[in-house]
Amino acid sequence: MNQAAVNPAAVSAHRLGRRYGKLWALRDCSLRLGPGSVVALVGPNGAGKSTLLNILAGLIEPSEGEVRILGETPNDRVRSRVAFTAQNHPLYRSLTVAQTMRAGRLLNTEWDEPMARERFAQLDIPLDRRVGRLSTGQQAQVSLTLALAKRPQLLLLDEPLAALDPVARQVFMQTVMGAAADGEVTIVLSSHVITDLERVCDHLIVLDHGRVQVAGAVDDLLAEHTVLSGPADQAESLRRNHVVIGASTVGRQTIALVRGETPHDEAWRAEPVGLEELVVTYLRNPHQAALPGPRGIVKDQVA
Amino acid sequence: MIEFRLDTSSGVPPYLQIVRQVEHAIRLGLLRTGDRLPTVKEVASSLAVNPNTVLKAYRELDHRGLTSGKVGSGTFIEPSRSVVSPAQLKLLRRSLHNWIRGARAAGLTDADIDAFVADARKDIPERQIGEVRRDESGGR
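First to last, the sequence lines map onto chains E and H.
Those letters in the first sequence? Residues 1 to 303, by this note's numbering.
Those letters in the second sequence? Residues 1 to 140, by this note's numbering.
It is possible that part of the hints are untrue.
What the hints assert, rightly or not - What follows is a set of in silico ranges between Cβ atoms, one per label pair, in the way DEER data are often shown:
{"no.": "1", "chain 1": "E", "residue 1": "A98", "chain 2": "H", "residue 2": "G11", "range": "42 to 48 Å"}
{"no.": "2", "chain 1": "H", "residue 1": "R36", "chain 2": "E", "residue 2": "E110", "range": "31 to 37 Å"}
{"no.": "3", "chain 1": "H", "residue 1": "D114", "chain 2": "E", "residue 2": "A270", "range": "55 to 61 Å"}
{"no.": "4", "chain 1": "E", "residue 1": "Y92", "chain 2": "H", "residue 2": "D114", "range": "29 to 35 Å"}
{"no.": "5", "chain 1": "E", "residue 1": "R77", "chain 2": "H", "residue 2": "G74", "range": "33 to 39 Å"}
{"no.": "6", "chain 1": "E", "residue 1": "A270", "chain 2": "H", "residue 2": "H97", "range": "28 to 34 Å"}
By construction, these hints were calculated from the structure, which means they are not laboratory data.
Cβ coordinates follow ideal geometry from the N, Cα and C atoms, glycine included.
Bound-form chain E, shown alone (with noise of 0.2 Å):
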């Protein structure tokens, strides 16, 4: 934890911004990730996540601002540094998996052989099958191991449990953490749901519009917001004199998410707020916006 202080970023984001066409994919994005974090991205379809990864995976270049990865502008050193798992596990079907992995360790200056061979083995994923022939889960597993076995200091998962059921969510996001327990990688997984990642995350980050509208320590948000419940008729009042993020009234009721102080009155009731509650709380309210949490990730101009 203590290298935080000495490392760079993992990455460090300034006003980037993506255009396709005249549409904006991603605008005015500025965010740092501390090293050895895990953050979640998340926001609904067509919100920038795709985006924001392939660039910093060095994939696609952005329209405008700076971007600096582990420290440095990317560049084919950084890259090689870099793990990127599309969306979907894009593999060569037609290979077999001791195939690909050999792909991985020509295409690759960093290869992890031993690690690669023991999970497969671990996962009885048989190494002559063509990769066609697994089982989804199979692939996606396929593919964190080749990302994995490039001993990456940035792992960047596009949805990597879009296509996976129950049991190869679990296995999958065992084997992420695992990894993130060995320290020294920074991940980035994307979900549209928040609720998939609220166990693995300790960082979080919502886009929605291109735009980010939530960065953070996990902790420190969910300290920091408090759901309050109370008379309607006192809503007002609570907007007036505090930080409402959003509420909703259902007859006498009123049910608000507050960021910072909270009124001393008994008239409200408050309870801590769930990272999932917070989340939708925001991408319903797009006016809104948490951005940066003291640790980890602030917005702030790249170092």
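Assemble chain H onto chain E, guided by the hints.
Positioned in the frame of chain E, the structure of chain H alone reads:
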């Protein structure tokens, strides 16, 4: 060795579930003095949970004096010093009985009583034990 499980729907933070499972296992004698807890990596990958969650749980166990962690060698169960003495338990039980008698007399059902207790518990969160600030605990 202990195996952990997490209940996603319980509302109890995962780190606290791990802490409680260790406490419970010690109470039942499933974990004894000198036993080693699984490594952070083992727990993180078996539960598919963030390693920091496990670290937080282990730090909390250390803090509560239930384990001692040594960098590189692991986390071990400390000789148990029962937090609550039998006499203390007896006293607590008696005062709870008195309270429940009062609640019954007032016409509260079992469900009412459970809800009442759960509600009152929220007023004084667990982590504040030993440092309850009485002046602020009645705010709701």
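Hint-by-hint comparison with the structure:
1. At roughly 46 Å, the beta carbons of A98 of chain E and G11 of chain H sit within the given window of 42 to 48 Å.
2. The hint said 31 to 37 Å for the Cβ distance between R36 of chain H and E110 of chain E, and at roughly 33 Å that hint holds.
3. Restraint check, D114 of chain H to A270 of chain E: a C-beta distance of roughly 21 Å breaks the suggested window 55 to 61 Å.
4. Checking the proposed 29 to 35 Å range against Y92 of chain E and D114 of chain H shows it is violated: the Cβ atoms sit about 59 Å from each other.
5. At about 37 Å, the beta-carbon gap between R77 of chain E and G74 of chain H stays in the expected band of 33 to 39 Å.
6. Against the hinted window of 28 to 34 Å, the Cβ-Cβ separation of A270 of chain E and H97 of chain H comes to about 31 Å, which satisfies the hint.
Hint check: violations occur at hints 3 and 4; the rest are consistent with the structure.
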